[in-house]
Amino acid sequence: MTTLYTADHEWLRIEGDVATIGVTDYAQSQLGDVVFVELPKVGRALKKAEAAAVVESVKAASDVYAPISGEVIEVNETLAAEPALVNSDAAGKAWFFKMKIADNTELGGLMDEAAYQKHVA
Amino acid sequence: MLATDAQTSQSSLKRTPLHALHVARGGKMVPFAGYDMPVQYGCGVLKEHLHTRSSAGLFDVSHMGQIALRPKSGKIEDAALALERLVPQDILALAPGRQRYAQFTNKSGGLLDDLMVANFGDHLFVVVNAACKADDEAYLGAHLSDVCIIEPLPDRALIALQGPKAEAVLANFGDGIASMRFMDAGARRVHGIDCLVSRSGYTGEDGFEISVPADAAERLAGALLVNEAVLPIGLGARDSLRLEAGLCLYGHDIDASTTPVEAALEWSIQKSRRNGGVRVGGFPGAQSILSQLEQGAARRRVGLRAEGRAPVREGASLFADAASSEPIGTVTSGGFGPSLNAPVAMGYLPTPHATAGGLVFAEVRGQRLPLRISPMPFVQNTYRR
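Chains W and Y are the protein sequences, given in the same order. In terms of our numbering, the first sequence has 80 at position 80, counting the first letter as 1, and numbering is strictly consecutive. Basically our numbering = 1-based index in the second sequence + 1000.
Only chain W is shown next, with the shape it has when bound in the complex (with noise of 0.2 Å):
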């Protein structure tokens, strides 16, 4: 299983030919405490960089953006509940999508562990 990251960051976890993403720890320290999220619809194809979900802080609203293209195969229903997850565990139980990968050279442009830490050094 490999992690990766984006430079928006996004985190994915690959296992085989499904990949699942959420925000990093850093994205949530930088959003403050999250109210809402609303994630896509299972099913939904997603092009790589299009805008795929939105977390709403008190304040404001962001996009969080398909890391690479494929297909909505399952959505984290807990978070509808419980936003607050996004702050207490961004990079486990507040996973937002998994997707069936489409094209596995989209990998190749992300960045591994030690490239995102330097990235939000």
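Source of the hints: derived by calculation from the structure; they are not laboratory data. It is possible that part of the hints are untrue.
As the list claims (entries may be wrong) - Now the stretches of chain Y that chain W is said to cover, found in silico as 3 or more residues with beta-carbon under 8 Å:
id : stretch
1  : 1097-1104
2  : 1198-1209
3  : 1326-1338
As the list claims (entries may be wrong) - Beyond 12 Å from chain Y on every Cβ pair, some chain W residues (computed):
id : residue
4  : 3
5  : 13
6  : 43
7  : 45
8  : 48
9  : 51
10 : 57
11 : 58
12 : 75
13 : 107
14 : 110
15 : 113
16 : 115
17 : 121
Think of the CB as a built atom: it goes at the ideal place given N, C-alpha and C, for glycine as much as any other residue.
Use these hints to put chain Y onto chain W, whose structure you have.
Chain Y alone, transformed into the frame defined by chain W:
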């Protein structure tokens, strides 16, 4: 996500006397009305908001404008009557030691700013919004300088202490605090410092606003923060608190295009200035405002509660139903209300639609979200009347 903001030259931002304190306490500093201000501290907006409603929050509002209006004649009535040239409120009847909410109107009846006015016996003390203070000072000068000396007070800080524990905390620092009731205002010695204190605020909670000389501000704020009931509160929570309290934010819920009647602020216009009163009109836009006071206005500011959990923000269009193509109004303030644990908003609707309990729809990201028209405040006030 987290699109980077355009670079702001931090060195061009003004600082209040409490800037160092904000930074030392972990304030996340952002530009606001030309000042470098804390939007939140380490706790975050939600906790800061809830703490204010359960305990006591300390707010730096020194960016706002404080102005003394001194009657050249030495008679306060002259200053009061002069100010009545610019506001629809009764200032003559404002007793010494009392404060009142007022607005500067323009010739269409719209608002140039909203403000607090206090009678300090030998002068009037005015507090205006930060973004408008330069214009307001010039405006007062242009219209009152025959009768008053207009004295801006840039060397004073303004600290608000708000919440159910505010009285107990502040009473430790001086006399004549606990006996104050809502909208009392006067000179008080706080922590050995000569201050001007009013029992008022912008949160819907009981609390105090303290005008203190700039060179004593950090000492006073620091002393108040020693009390473990008190936390410093940033602008983020200040906004969510005032939104839940149904209070207007100038430039958003009220502006040059909104009259006090449209803004549901007619309660602030006393009988003496209305038709049939002893000093009718005599302020800009009086004709429109007086007529609206009798006949109502075409639109009205209302409270809006989302039926779902998605916040509805400023700028969202409002529709009479889920399918219609023509908007009937707009959201002027909106966000999440931590004490309600739900989204809340304010906006304007045509008066026939503006009835509590009615349903309207806001367009958010291409979807029509239902909103219930709600009376304000959304959270009960706890003023010590």
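For each hint, the structure was consulted:
1. 1097-1104: Three-residue rule not met by the stretch 1097-1104 of chain Y, so violated; n is 0.
2. 1198-1209: violated (count 0)
3. 1326-1338: holds (count 3)
4. 3: Fine: 18 Å to the nearest Cβ keeps residue 3/W off the interface.
5. 13: For residue 13/W, whose nearest Cβ neighbour in chain Y is about 18 Å away, the distance exceeds 12 Å, so it holds.
6. 43: holds, 18 Å
7. 45: holds, 17 Å
8. 48: holds, 15 Å
9. 51: Non-interface label fails for residue 51/W: nearest chain Y Cβ at 9 Å, not farther than 12 Å.
10. 57: The assertion about residue 57/W is violated, with a minimum of 8 Å to chain Y.
11. 58: Violated, because the least Cβ-Cβ distance between residue 58/W and chain Y comes to about 4 Å, which does not exceed 12 Å.
12. 75: Consistent with the label, residue 75/W stays out of reach of chain Y, its closest Cβ about 15 Å off (over 12 Å).
13. 107: With a cut-off of 12 Å, residue 107/W remains clear of chain Y, as the shortest Cβ separation is near 19 Å.
14. 110: holds, 15 Å
15. 113: Nearest chain Y Cβ is 19 Å from residue 113/W, so the label holds.
16. 115: Residue 115/W is indeed farther than 12 Å from all Cβ atoms of chain Y, at 17 Å.
17. 121: At about 15 Å from chain Y, residue 121/W clears the 12 Å cut-off, so the statement holds.
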